[in-house]
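There are 4 protein chains.
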Amino acid sequence: MEYLSDRVRAFAEARDWTQFHTVRNLILALVGEVGELAAEIQWIGDDGISVALRDPAKRETVSAELADVFNYLLRIADVLEVDLGSALLEKLEVNEKRYPRDKARGSSAKYTDYE
Amino acid sequence: MEYLSDRVRAFAEARDWTQFHTVRNLILALVGEVGELAAEIQWIGDDGISVALRDPAKRETVSAELADVFNYLLRIADVLEVDLGSALLEKLEVNEKRYPRDKARGSSAKYTDYE
Amino acid sequence: MEYLSDRVRAFAEARDWTQFHTVRNLILALVGEVGELAAEIQWIGDDGISVALRDPAKRETVSAELADVFNYLLRIADVLEVDLGSALLEKLEVNEKRYPRDKARGSSAKYTDYE
Amino acid sequence: MEYLSDRVRAFAEARDWTQFHTVRNLILALVGEVGELAAEIQWIGDDGISVALRDPAKRETVSAELADVFNYLLRIADVLEVDLGSALLEKLEVNEKRYPRDKARGSSAKYTDYE
Chain A
1 MEYLSDRVRA
11 FAEARDWTQF
21 HTVRNLILAL
31 VGEVGELAAE
41 IQWIGDDGIS
51 VALRDPAKRE
61 TVSAELADVF
71 NYLLRIADVL
81 EVDLGSALLE
91 KLEVNEKRYP
101 RDKARGSSAK
111 YTDYE
Chain B
1 MEYLSDRVRA
11 FAEARDWTQF
21 HTVRNLILAL
31 VGEVGELAAE
41 IQWIGDDGIS
51 VALRDPAKRE
61 TVSAELADVF
71 NYLLRIADVL
81 EVDLGSALLE
91 KLEVNEKRYP
101 RDKARGSSAK
111 YTDYE
Chain C
1 MEYLSDRVRA
11 FAEARDWTQF
21 HTVRNLILAL
31 VGEVGELAAE
41 IQWIGDDGIS
51 VALRDPAKRE
61 TVSAELADVF
71 NYLLRIADVL
81 EVDLGSALLE
91 KLEVNEKRYP
101 RDKARGSSAK
111 YTDYE
Chain D
1 MEYLSDRVRA
11 FAEARDWTQF
21 HTVRNLILAL
31 VGEVGELAAE
41 IQWIGDDGIS
51 VALRDPAKRE
61 TVSAELADVF
71 NYLLRIADVL
81 EVDLGSALLE
91 KLEVNEKRYP
101 RDKARGSSAK
111 YTDYE
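Protein chains in written order, with the numbering used here: chain A, 1 to 115; chain B, 1 to 115; chain C, 1 to 115; chain D, 1 to 115.
These are computed hints drawn from the structure, not numbers from a lab. Incorrect hints may have been included.
Said to hold, decoys possible - Simulated restraints on C-beta separations:
#: 1; chain 1: B; residue 1: Asp-16; chain 2: C; residue 2: Pro-56; range: 28 to 34 Å
#: 2; chain 1: C; residue 1: Asp-55; chain 2: D; residue 2: Ala-14; range: 46 to 52 Å
#: 3; chain 1: D; residue 1: Lys-103; chain 2: C; residue 2: Asp-55; range: 29 to 35 Å
#: 4; chain 1: D; residue 1: Asp-102; chain 2: B; residue 2: Val-94; range: 54 to 60 Å
#: 5; chain 1: B; residue 1: Ser-50; chain 2: C; residue 2: Pro-100; range: 47 to 53 Å
As the list claims (entries may be wrong) - Heads up, simulated EDC-like pairs for lysine to aspartate or glutamate below, C-alpha to C-alpha not over 16 Å straight-line:
#: 6; chain 1: D; residue 1: Lys-58; chain 2: D; residue 2: Glu-36
#: 7; chain 1: A; residue 1: Lys-103; chain 2: B; residue 2: Glu-13
#: 8; chain 1: D; residue 1: Lys-103; chain 2: C; residue 2: Glu-13
#: 9; chain 1: C; residue 1: Lys-103; chain 2: D; residue 2: Glu-13
#: 10; chain 1: C; residue 1: Lys-58; chain 2: C; residue 2: Glu-81
#: 11; chain 1: B; residue 1: Lys-103; chain 2: A; residue 2: Glu-81
#: 12; chain 1: A; residue 1: Lys-58; chain 2: A; residue 2: Glu-36
#: 13; chain 1: D; residue 1: Lys-58; chain 2: C; residue 2: Glu-36
#: 14; chain 1: B; residue 1: Lys-103; chain 2: A; residue 2: Glu-36
#: 15; chain 1: A; residue 1: Lys-58; chain 2: B; residue 2: Glu-81
#: 16; chain 1: C; residue 1: Lys-58; chain 2: D; residue 2: Glu-81
#: 17; chain 1: B; residue 1: Lys-58; chain 2: B; residue 2: Glu-36
#: 18; chain 1: C; residue 1: Lys-103; chain 2: D; residue 2: Asp-16
#: 19; chain 1: D; residue 1: Lys-103; chain 2: C; residue 2: Asp-16
#: 20; chain 1: A; residue 1: Lys-103; chain 2: B; residue 2: Asp-16
#: 21; chain 1: B; residue 1: Lys-58; chain 2: A; residue 2: Glu-36
Glycine included, every Cβ here is placed at the ideal spot set by N, Cα and C.
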């Protein structure tokens with residue numbers, strides 16, 4: 001994670017792009033990439049998607065979109081000096097209490113309620 | 001990364017939630033979390049944001065939102081059997097060629113063009 | 001449309017909120033609302049959704065989320081002095097040429113290509 | 001509004017695209033368009049944006065992105081048989097109570113709380 005975050009920061013620094021990397025700009029950029037990810041699967045449907053993603057070219061495209069989202073997520077965390085890994089582990093602790101295993105278990109209806 | 005991805009998967013499995021974790025459902029969930037992240041900073045403005053984020057409670061909230069986004073990103077990658085770290089490094093290689101350091105260097109205008 | 005746009009503007013003016021309604025703030029607010037809309041249907045799946053939306057309470061909730069998205073879309077257009085209706089009709093003209101009826105007709109694969 | 005909704009539906013019907021216009025597909029398409037809108041202003045910053053939008057070409061692009069968002073919003077409402085105008089007016093009634101004019105008036109801090 002730290003290595004990846006460093007690589008992503010170095011990429012921006014080498015191009016003197018960090019001046020554009022304000023929190024709000026980066027969040028808007030993240031939104032843009034999530035939009036591209038959504039666009040990749042917008043017309044496929046739940047049934048067709050596993051077939052579609054068996055195509056290596058489609059998988060590669062979706063994979064690259066995930067990388068773009070991850071890229072900006074790492075940049076935002078870096079600019080905010082947030083350790084993304086630790087933040088995730090802390091959030092899992094919180095969720096462990098919020099969604100007790102026995103109560104949260106199972107049905108979509110329950111899940112929706114819990115969310 | 002692998003440890004984090006395993007933890008996130010284990011959390012879902014312990015609640016029998018993987019049945020809901022289709023690619024499209026997870027992408028919609030990711031959109032929901034990105035929306036919450038955007039909502040945290042929507043009225044602050046570029047100038048006010050560094051002040052706002054000096055408040056530990058606000059930082060904690062934003063940090064938790066980043067964790068939620070990361071959580072679903074890891075789940076999507078896991079379901080698609082994509083190694084998010086490798087995907088990012090590959091994308092950086094592609095971008096290294098697409099945005100040559102000397103040409104991409106500097107101004108916001110150029111940056112916009114490159115994007 | 002103009003009446004709706006006026007109502008939405010008046011609501012903001014009555015609270016002295018227009019000072020927060022910069023283009024970027026409003027776009028981030030739009031992202032937040034689209035996130036809430038996505039969250040409403042994230043775990044339902046393509047098959048379950050028509051059943052779910054037969055429930056009046058669920059319909060009401062989704063309907064209110066659509067209203068929130070529309071609200072910010074109207075505010076953005078108003079701040080930019082863009083006539084949203086005219087912009088849509090112009091875009092339909094553009095798309096009429098971009099996606100000729102005979103060529104664009106039909107299959108999901110083609111549709112994906114066209115998009 | 002009804003005329004616009006009819007035009008947008010007719011465009012889809014003429015291409016036999018309504019088969020792809022499920023609620024979830026359309027919401028993902030909406031997310032894609034909101035992403036494109038965000039991408040248009042991601043690197044500009046709050047200060048530069050009014051200058052940037054004085055450029056007719058940039059205004060035209062942003063205007064077309066707003067039209068795309070509106071297009072899918074109308075399609076979603078149409079598929080759900082929701083009257084978007086009425087839904088907005090109802091939501092304004094709700095918000096009128098939720099954010100009383102005297103209490104909601106003014107500062108960004110208060111506004112954030114109210115949201």
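Verification of the hints:
Restraint check, B:Asp-16 to C:Pro-56: a C-beta distance of roughly 29 Å satisfies the suggested window 28 to 34 Å. With their beta carbons about 33 Å apart, C:Asp-55 and D:Ala-14 fall outside the hinted range of 46 to 52 Å. For the hinted restraint 29 to 35 Å between D:Lys-103 and C:Asp-55, the CB-CB distance of approximately 33 Å keeps it satisfied. A hinted range of 54 to 60 Å holds for the C-beta pair D:Asp-102 and B:Val-94, which are about 55 Å apart.
The hinted range of 47 to 53 Å is satisfied by B:Ser-50 and C:Pro-100, whose Cβ atoms lie roughly 51 Å apart. For the given pair, D:Lys-58 sits about 13 Å from D:Glu-36 by alpha-carbon distance, which is consistent with the 16 Å threshold. The hinted pair formed by A:Lys-103 and B:Glu-13 meets the criterion: a straight-line CA distance of about 14 Å does not exceed 16 Å. This hinted pair checks out: D:Lys-103 and C:Glu-13 have alpha carbons roughly 14 Å apart, not beyond 16 Å.
At most 16 Å may separate the alpha-carbon atoms for a hinted pair to count; C:Lys-103 and D:Glu-13 meet this at roughly 14 Å. Between the alpha carbons of C:Lys-58 and C:Glu-81 the distance comes to roughly 34 Å, so the proposed pair goes past 16 Å and is violated. For the hint pairing B:Lys-103 with A:Glu-81, the CA-to-CA distance comes to about 29 Å; that exceeds 16 Å, so the pair is violated. Only pairs whose Cα atoms come within 16 Å are accepted, and A:Lys-58 paired with A:Glu-36 is accepted, the gap being roughly 13 Å.
A threshold of 16 Å between alpha carbons decides the hint, and for D:Lys-58 with C:Glu-36 the separation of about 29 Å lies outside it, so the pair is violated. Proposed proximity of B:Lys-103 and A:Glu-36 is contradicted: the alpha carbons are some 25 Å apart, above 16 Å. Note on A:Lys-58 and B:Glu-81: the hinted pairing holds, with a Cα-Cα distance of about 14 Å set against a maximum of 16 Å. Between C:Lys-58 and D:Glu-81 the alpha-carbon distance is near 14 Å, which keeps this suggested pair within the 16 Å criterion.
For the hint pairing B:Lys-58 with B:Glu-36, the CA-to-CA distance comes to about 13 Å; that is within 16 Å, so the pair holds. With a C-alpha separation of about 11 Å, the suggested pairing of C:Lys-103 with D:Asp-16 holds against the 16 Å cut-off. Our distance criterion of 16 Å between C-alpha atoms is met by D:Lys-103 and C:Asp-16, whose separation comes to about 11 Å. Only pairs whose Cα atoms come within 16 Å are accepted, and A:Lys-103 paired with B:Asp-16 is accepted, the gap being roughly 11 Å.
Restraint check for B:Lys-58 and A:Glu-36: the C-alpha separation of about 29 Å exceeds 16 Å, so the hint is violated.
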